[in-house]
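J.: Chain order of the listed sequences is A and B. In short: position in the first sequence from 1, add 297, done, that's our numbering. In short: position in the second sequence from 1, add 1012, done, that's our numbering.
To be clear, the hints were calculated from the coordinates, so they are not data collected in a lab. Glycine is no exception: its CB is placed at the ideal position from the N, C-alpha and C atoms. Please note that a few of the clues may not be correct.
To be verified - Here are the simulated distance ranges between beta carbons:
1) A/Leu666 / B/Pro1120: 22 to 32 Å
2) A/Pro378 / B/Gly1161: 51 to 61 Å
3) A/Gly695 / B/Asn1186: 46 to 56 Å
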Amino acid sequence: MADDSATEPPLLEARGLAKTYSGITVLKGVGFTIQKGEILALVGENGAGKSTLIKILSGAIPSEPSGQVLIEGRPFALHTPEDADHAGIVTVYQEFNLFPDLSITENLFFTELRELGWPISWGALHRRAEQLLHEMDVRLPVRRRVSVLSVADRQIVEIAKALHRRARIMILDEPTAVLGGSDVDRLLAMVRQLKARGVAVIFVSHRLNEIFGLADSYLVLRDGQQVATGLISETTSDELVRNMVGRALAKPTDHARDAGVSAEVLRVEGLSRKGVLHNINFSLRSGEVVGVAGLRGAGRTELVRAIFGADPIDAGRILVDGREARITSPHKAVATGLGLVPEDRGTQGLFKNLSAQQNIFMASVTAGLIDYRGERRRAREYVSALQIRLPRLSTLVGRLSGGNQQKVVLAKWLEAGARVLLLDEPTRGVDVGSKAQIYALVRGLCRDGVGVLLISSELPEIVENSDRVLVMHRGAIVAELARGQATEETIISYAVGART
Amino acid sequence: MTGLSETSRVGDEASESIGSALMQAARDHKVILVLLVIMLVIPAIWAPEFFSVQNLINVARQAAITGVVAVGMTFVILTSGIDLSVGSILALCGLIFALLIKADVGIPIAIIVAMGLGVLVGIINGIGVTFLAIQPFIMTLATMAIASGVGLLISNGTPIAFDTTSGIVALLGNGNAAGLPGPVIVFILVALAGAFVLRYLPFGRFVYGIGGGLEAARLSGVRTARVLIMVYSISGLCASIAGIITTCRLFVGHPTAGGFIMLDSIAAVVIGGTSLMGGRGGVIGTVAGVVLLAMVANLLNLLGVSPFNQQVAKGAIIILAVLFTAQGMRERLIEQWNAL
Chain A
298 MADDSATEPP LLEARGLAKT YSGITVLKGV GFTIQKGEIL ALVGENGAGK
348 STLIKILSGA IPSEPSGQVL IEGRPFALHT PEDADHAGIV TVYQEFNLFP
398 DLSITENLFF TELRELGWPI SWGALHRRAE QLLHEMDVRL PVRRRVSVLS
448 VADRQIVEIA KALHRRARIM ILDEPTAVLG GSDVDRLLAM VRQLKARGVA
498 VIFVSHRLNE IFGLADSYLV LRDGQQVATG LISETTSDEL VRNMVGRALA
548 KPTDHARDAG VSAEVLRVEG LSRKGVLHNI NFSLRSGEVV GVAGLRGAGR
598 TELVRAIFGA DPIDAGRILV DGREARITSP HKAVATGLGL VPEDRGTQGL
648 FKNLSAQQNI FMASVTAGLI DYRGERRRAR EYVSALQIRL PRLSTLVGRL
698 SGGNQQKVVL AKWLEAGARV LLLDEPTRGV DVGSKAQIYA LVRGLCRDGV
748 GVLLISSELP EIVENSDRVL VMHRGAIVAE LARGQATEET IISYAVGART
Chain B
1013 MTGLSETSRV GDEASESIGS ALMQAARDHK VILVLLVIML VIPAIWAPEF
1063 FSVQNLINVA RQAAITGVVA VGMTFVILTS GIDLSVGSIL ALCGLIFALL
1113 IKADVGIPIA IIVAMGLGVL VGIINGIGVT FLAIQPFIMT LATMAIASGV
1163 GLLISNGTPI AFDTTSGIVA LLGNGNAAGL PGPVIVFILV ALAGAFVLRY
1213 LPFGRFVYGI GGGLEAARLS GVRTARVLIM VYSISGLCAS IAGIITTCRL
1263 FVGHPTAGGF IMLDSIAAVV IGGTSLMGGR GGVIGTVAGV VLLAMVANLL
1313 NLLGVSPFNQ QVAKGAIIIL AVLFTAQGMR ERLIEQWNAL
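With the sequences and hints as input, model every part of the structure.
T.: This is the structure we're talking about:
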């Protein structure tokens, strides 16, 4: 691809990329260039538009017509994943695109297996795979199944696969988010290899120290807009953080509450689960929202699942309304007055191929005959009170948007009369409008005396909506911050283990 | 509750009256309704004797045994499971029933023990798919073999004949009451009970919930293990009832009486529009599926088609029914063609 002209056009140039979902702008006016062998750090808070931008660049969704992509100076129609493939753009997502039960070799050469001739000479192929990995200074057991590899190794295989497919631009979506120390170093070394081979890398990370040690340039997104871009060498981490968070730092909304005097609805004492949760203690009062912050893998989801009886615990006790509740199953949790809005809405919170009405009443029917007339009436009340948009009550909820689906899940717990709600990433995959409605609903529930445990990876949401914030790090609660103390900076410093 | 007093507005539902409920039921089962109508038109032209009372009662009688099994199968399939053991349970329970009558323990005890045995096998199936986490297909395949083997052991592989003057046995087998054959009455009662349980009991809702998502159901507080064990018990119970009827018809307990009942009952459920993925469908569709299959068999008999060709026709109908029930067929055809 060598181009001899004096002013070599950038490998990829994006102009005015934008995306609007049903009237809501999630990305607007994003433009940048990237050269061969350049590492561009893409930073921004959750919901800033990073994933949307990645999706556009990988051809998963089209940009609005205003946007334009140029490859080596020539306009390029990037509408489908195949287009991206032709352009040499490969995205390595957090979820892997590998076949877990095939060997590393088979994964690396999967697309060309049928061109290899018959019979396949496996010995030669394994050697080719070893050779390919060796060129990138990695050594992996190429005959083994991918599912036995560590997360870091799987990412390395994925990158190697992309490289083998002549990727010219590689998008790495938070590759280090779930990795520990030495694995991170191995992965970053791999990225430097890519750079040395002239591959342009768009690198998404929340960890600023990584970015400063690795990237050449940066692009900051905030609220769907490009707020800053430039060379890493000309910026500081303070400046980056300022750009990410913006001037309008999230601050607690002032809904007057006197949670201090209300009764405790949930108390957790010495809760432990081997290797996952360590001696968790906290309490939740009626009408209170307690936020649970922490990095991925800090044990937040595991905590609510343990409280809800979805996972067994090794030690500790749980008190609901001051009485010890022996919650050994979700059924007991529901009977005790707990409700869980799980992280994975699609498979755990929702019955996608059942109707909205069936969903709403799934947690509350306990005895007697079902009164369909009454249920329909109540379901309609929820639909209007929660502003759920659905064509009819018999509509399968799998066809609804993320926000409406989540409202259906919430309606289920309202109907069940839950007094303690455990919300695990309640706004994930939910549009901005529905987010606001969901939090308004949560505040309304608190006025009615419900206690809410709120997990969110979006710190502004935690800061804005919590009365208190618990910060988790490696399975333990490392800080309990009162409303005034709980700023994004403080929370992050505890969550990453910088402060204890 | 927050602000639930606001006036509500949702798109549909005038559906409070019985008429509109029927309309909804018709919409849900339109494919099978069309097929049933076709099955009424063809004989009207080529085999008018189809409509004689005697023949229609024959159709119902043929449908009854498969129908009873299919009602239980509907529960299992709604949870996205499958029960391959129904044929073996039918044979085993029919045998035990025959043995008990021969031993002169009294008809009620024979019935109760035979039904209890069906439930027992169902419980074993349920424990297998819950506690042991064995795939329903594999678990019930195993109990199919075991129950069948036990039946052969008990009977030494030979039919067990018995003699009785019991009115109950006569009624369940070949007798009539209120102008209807006994097996048909049992089928109607079982179907009504099944439809009622699925629609009006919380248990029925949980069955749909498990089919809609096992983990989501568990996290909604549904005691999924309990529900699943009950579901397989219901299937076993229905198979045992069918076994009792079969034995009463023949006055013989036969170790291989199960025959094609497992395939036929699954076919009826699927033709009736219940999704093998679980969560969608119900007993009404299954009853229609059973009746359709029985009508086809009867009509082909009347038209003089050989039993071998009837098997071919049955297979074709299964494919057609499922094809027309599937949504987005055009898109799928294109998609699959491109993936060929």
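J.: Mind listing which of the numbered hints don't hold for this structure, in increasing order?
T.: none
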